[in-house]
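Chains as they are written, first to last, in numbering that gives the first Met the number 0: chain A, 0 to 445; chain B, 0 to 445.
None of these hints come from the bench; they were simulated from the model.
Please read these numbers as outputs of a predicted model, since none were measured by experiment.
Hints may contain errors.
[To be verified] Footprint (simulated), chain A over chain B, 3 or more residues, beta carbon under 8 Å:
1. 25-35
2. 43-55
3. 183-196
4. 406-416
[To be verified] What follows is a set of in silico ranges between Cβ atoms, one per label pair, in the way DEER data are often shown:
5. B:D209 to A:I382: 56 to 66 Å
6. B:A278 to A:D94: 56 to 66 Å
7. B:R190 to A:F381: 39 to 49 Å
8. B:R190 to A:K76: 49 to 59 Å
Positions of the beta carbon are idealized from the N, C-alpha and C atoms, including for glycine.
Number of protein chains: 2
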Amino acid sequence: MKHVVIIGGGFGGLYCARALADAPVRVTLLDRRNHHLFQPLLYQVATAALNPADIAQPIRAIVRKQPNIEVLLAEAKSIDAAGRRVLLDDGNALDFDYLVVATGATHSYFGHDEWEAMAPGLKTVEDAIEIRKRILSAFEEAESARDAKVQREWLTFVVVGGGPTGVELAGAISEVAFHALTRDFRRIDPRQARVLLLEGTPHLLGAYPDVLQQKARKQLGQLGVQVHTEARVTGIDDSGVTVHFKSGEERITARTVLWAAGVAASPLARSLGVPLDRAGRVLVTPTLNAPGFEHVFVIGDLAAVKQENGQLVPGVAPAAMQEGRYAAQAIVDLVHEKPIFAHPFSYLDKGSLATIGRKKAVADLPGHVRLSGLIAWLAWLFIHIFFLIGFRNRILVIIEWAWQYLSFKRGSRLITGPPVAHAEAHTEVGIPPARAEQTSTISRPN
Amino acid sequence: MKHVVIIGGGFGGLYCARALADAPVRVTLLDRRNHHLFQPLLYQVATAALNPADIAQPIRAIVRKQPNIEVLLAEAKSIDAAGRRVLLDDGNALDFDYLVVATGATHSYFGHDEWEAMAPGLKTVEDAIEIRKRILSAFEEAESARDAKVQREWLTFVVVGGGPTGVELAGAISEVAFHALTRDFRRIDPRQARVLLLEGTPHLLGAYPDVLQQKARKQLGQLGVQVHTEARVTGIDDSGVTVHFKSGEERITARTVLWAAGVAASPLARSLGVPLDRAGRVLVTPTLNAPGFEHVFVIGDLAAVKQENGQLVPGVAPAAMQEGRYAAQAIVDLVHEKPIFAHPFSYLDKGSLATIGRKKAVADLPGHVRLSGLIAWLAWLFIHIFFLIGFRNRILVIIEWAWQYLSFKRGSRLITGPPVAHAEAHTEVGIPPARAEQTSTISRPN
């Protein structure tokens, strides 16, 4: 029986594996983590609304009823496409007849990898727990700070990047500050928090039509988020960010900076030895093959897939799912020695949704249907619950959301892991003027 | 207004703080973690049954409606009892009029601190996540191991210590292996797992009557746990444990060893400069005072409290709660300049419960009522749900338990954090005889 190796248990890899359930092949699904992650809700873990286990399921449990699938917890180090072999981090190798590469993307700091420690991004469960810890600890530090200026720094949150993740994060942090924590502290009022969303281009949610971009900006404003477009971050350090505005460079002091600005394809793509685009994605053929290798498919965020209109298929979950199913069908065709070139992959755009906060969202649906506010939010709610894998998760997420909706509280407000360094929180009163100036918080005309 | 400082937000400290809600005092509740932990259910997080957030609540959220309580996230470094001052890790100090010390206990390795890395104990949320990771990773390693012997080593789990925590852990690991994972793997059958429970004394659950000890042992046997009493661990390393049986010393090879054998009082007690017992607990007066300091109370697992019958009050949650409430009342008396010596603390024993697994538990209730099996398990279930702090947690825990009960699945099977070292999992086939002998798994007459 032919052996199909799938690298990556995200939306692309998992949907491909499931589509091969009844195919006459043996499948090995490889991932370096034991769980499939429902990434669209990851920001809710980062903002203490959901538990990690609500949005993550063991891959083994998802495919347990498919006897032809074997799950392997390991990391692929490189691919020998011509030799039909994947090299693993433990020194072992996996031979394949067909390969599906679906390792997705990771953060990109545009050449400033040193920013990562100060401004974590949001891709994994660990990232989400780290960000949750930083957000909650910031309020704790503010409460125990003796100096009003230090307090203000801890109550300033900067989100870099105005795409869907940045918008969701900024909106959710605002809700935490303005609703969930209001009565928890004695010395600070969490409602004094400032949440800034910085976007380098002139547009929030660049992929959405203009009218929805405006709506999103307005809804963020209602939540108390200060949105700055054409604000390019040029420096990040322990005490804040340096931002290049049209009006010149300015300094924003903040103790919590989160990165939602750029992604780059997983480095595994390089070992294929085929042309990549600037973001490191594989420029696949119309049948999603790595050029020159009919038996190697690249799908999801790792693939740059050109549509008929010349644009790239967006890096969203539904696209990865469709590509996964397509690759599965193509492999079945190849096994049966049918040509696959007759029907190239075609992306069916079912629309885009981005949520901003309680009863606030935007939806760009086919046929120029554009929704915002409550109705878009309800659509977002139902679609995300519907696609959550696992019956149990769905029920738990509904309960968590209902609880939050009714109580305005967030249920998962745990700070875990080693405590944050206290060192900087205790700057004594009386800072020399030079430093005070350097760290003054931003105030500029809108 | 008099200032009461409470160190520790566990059962003792928290119940003391709540009992001071209407008292004419100002309270500062200090903890190095932001959450109160419902420790009796911690082993359920360690065995993937519950989420951390199900059994942990932010301390701030619990006391938010009590305006006279301020919560401080910080660690107490030392206590100047005479000078009425607590020194914090950040260099600040807290002055108090009355102090309640409730920092509990931590693991004790009986002088073998080097065992901690190999055999983690279970006291914090982080411990539980680490243990969960080790248990789940062990099955993954077994699945990818090429050598049958290495596979067997990964499928051997040793729990050291036959008190309630050890019994609960061993029972739960057995249930994970024999029920939750049965269909998830292709190369191994998780039911081949061996779970060993080692207890140094002749008795499991030493604090329980003989008849219940026997019942517990029988129920553990039904779950597949191999119980060894009079089995004293004399060595722990990467590949297993060395055990001193009555019949001599033997070696048990196992990749997962968990520690539930000993606790020692928090080291903060030492700075009080008062007599401690062998486990480091403060030998408090009948009014729970640190001897010589009428304004300093020591409660919970940190206190050695002698009962009228000469025995110590057990280190269980209900005792800590009662002591917390007593200390609060004593402080109110002192504020009103009433003598507190008229009514010393007296522990009301409401009975003990230990759970073993699905429909398996033992209960030792007042009036020589001794239950085991289903009825004890139901009592355990209801009492634990009843005392879980927070309405939301109760509902979620009920749902998680109902789901598990009906499906035999465990919902929170996440491996998070950096991956475990693979190095040892890939020992090639063909181990030299000397080593093979050294690592042979135990086989001894019962």
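Here is how each hint holds up against the structure:
1. With 4 residues bearing a CB less than 8 Å from a CB of chain A, the segment 25-35 of chain B meets the requirement of three and the coverage assertion stands.
2. Given as covered by chain A, the segment 43-55 of chain B passes the check, having 5 residues with a CB less than 8 Å from a CB of that chain where 3 are the minimum.
3. With 4 residues carrying a beta carbon less than 8 Å from a beta carbon of chain A, the segment 183-196 of chain B meets the three-residue requirement, and the given coverage holds.
4. Figure legend: the segment 406-416 of chain B, annotated as covered by chain A; annotation consistent (9 residues with Cβ-Cβ distances under 8 Å, at least 3 required).
5. At roughly 59 Å, the beta-carbon separation of B:D209 and A:I382 lies within the given 56 to 66 Å, and the hint holds.
6. Checking the proposed 56 to 66 Å range against B:A278 and A:D94 shows it holds: the Cβ atoms sit about 58 Å from each other.
7. The hinted window of 39 to 49 Å between B:R190 and A:F381 holds, with their beta carbons roughly 40 Å apart.
8. A hinted range of 49 to 59 Å is violated for the C-beta pair B:R190 and A:K76, which are about 33 Å apart.
Hint compliance for this structure: hint 8 is the single one not met.
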